[in-house]
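As given, the protein sequences belong to chains A and B, one line each in that order.
Going by the working numbering, the first sequence opens with residue 375, and the numbers climb by one from there.
Going by the working numbering, the second sequence opens with residue 18, and the numbers climb by one from there.
Quick caveat, the hints were computed from the structure, so don't treat them as lab data.
Just so we're clear, the structure is a prediction, and the values are computed from it rather than from any experiment.
Each residue gets a CB set at the ideal place from its N, CA and C atoms; glycine is no exception.
Careful, some of the hints might be misleading.
[To be verified] Some residues of chain A that are not near chain B, with every Cβ distance over 10 Å (derived): (1) VAL386; (2) LEU421; (3) ALA425; (4) TYR428; (5) LYS451; (6) SER479.
[Stated by the list, open to error] Taking beta-carbon pairs under 8 Å as the criterion, some of the chain B residues facing chain A (in silico): (7) SER19; (8) THR50; (9) ALA61; (10) VAL76; (11) PHE80; (12) ALA107; (13) ASN114.
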Amino acid sequence: QITLKESGPTLVKPTQTLTLTCTFSGISLSTSRVGINWIRQSPGKALEWLALIYWNDDKRYRPSLKSRLTITKDTSKNQVVLAMTNMDPMDTATYYCAHEGDFWSGLFDYWGQGTLVTVSS
Amino acid sequence: QSVLTQPPSASGTPGQRVTISCSGSSSNIGSNTVNWYQQLPGTAPKLLIYSNNQRPSGVPDRFSGSKSGTSASLAISGLQSEDEADYYCAAWDDSLNGSVFGTGTKVTVL
């Protein structure tokens, strides 16, 4: 069974860097074709895909946020980390990590519960 | 900012059939498969339909998906009160080199 769980700060100040960790079980990023995504949802808004990392360290980013995002993996810890710089109140959202069910597919078959991050001074 | 366009809302009475559209372009729906997600209030999204028309184990056959050209549709037949949720389509976009979601549709059971 695949499970994922997000962790990180619930409150960050404007201009700070947000660092979120996705810890998963039931899969390994040392296994071919495994990918983990980050997706967010601002209050009352639609889902927004942010970033993706594959087992082979192939990384993809949302073009409009690419300059602010960094996704990395720690295979030994079964973790994927997302860093987002220069946080703004508009970045207040619930952040989810999700398993990529198929290569380059937009298919997210397992999701974490999400973590709400508020950006405020 | 969503690349895929959905109607903001849809509704029906119990037992009715409801259809949700998802309109994209040649770089996403036109060249890749479509997936649908159901998000109940206060919960994480759940995969409902994948590869245009496939249901994961446990998803009732009341839910069905289809795709034609650069558009896709999700149909809910025999609408039930527990189907009241937000629904999102998603696909890979070859131009953006990433996944894209729809604008979301809120389904209300009258």
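Each hint tested on the structure:
1. VAL386: 21 Å, holds
2. LEU421: 4 Å, violated
3. ALA425: Violated: least Cβ distance 8 Å, not greater than 10 Å.
4. TYR428: 12 Å, holds
5. LYS451: 22 Å, holds
6. SER479: Violated: least Cβ distance 6 Å, not greater than 10 Å.
7. SER19: 5 Å, holds
8. THR50: Nearest chain A Cβ about 7 Å off; hint holds.
9. ALA61: 4 Å, holds
10. VAL76: 12 Å, violated
11. PHE80: 15 Å, violated
12. ALA107: Where the cut-off is 8 Å and the nearest Cβ of chain A is about 4 Å from ALA107/B, the hint holds.
13. ASN114: Holds: closest Cβ of chain A sits about 5 Å from ASN114/B, inside 8 Å.
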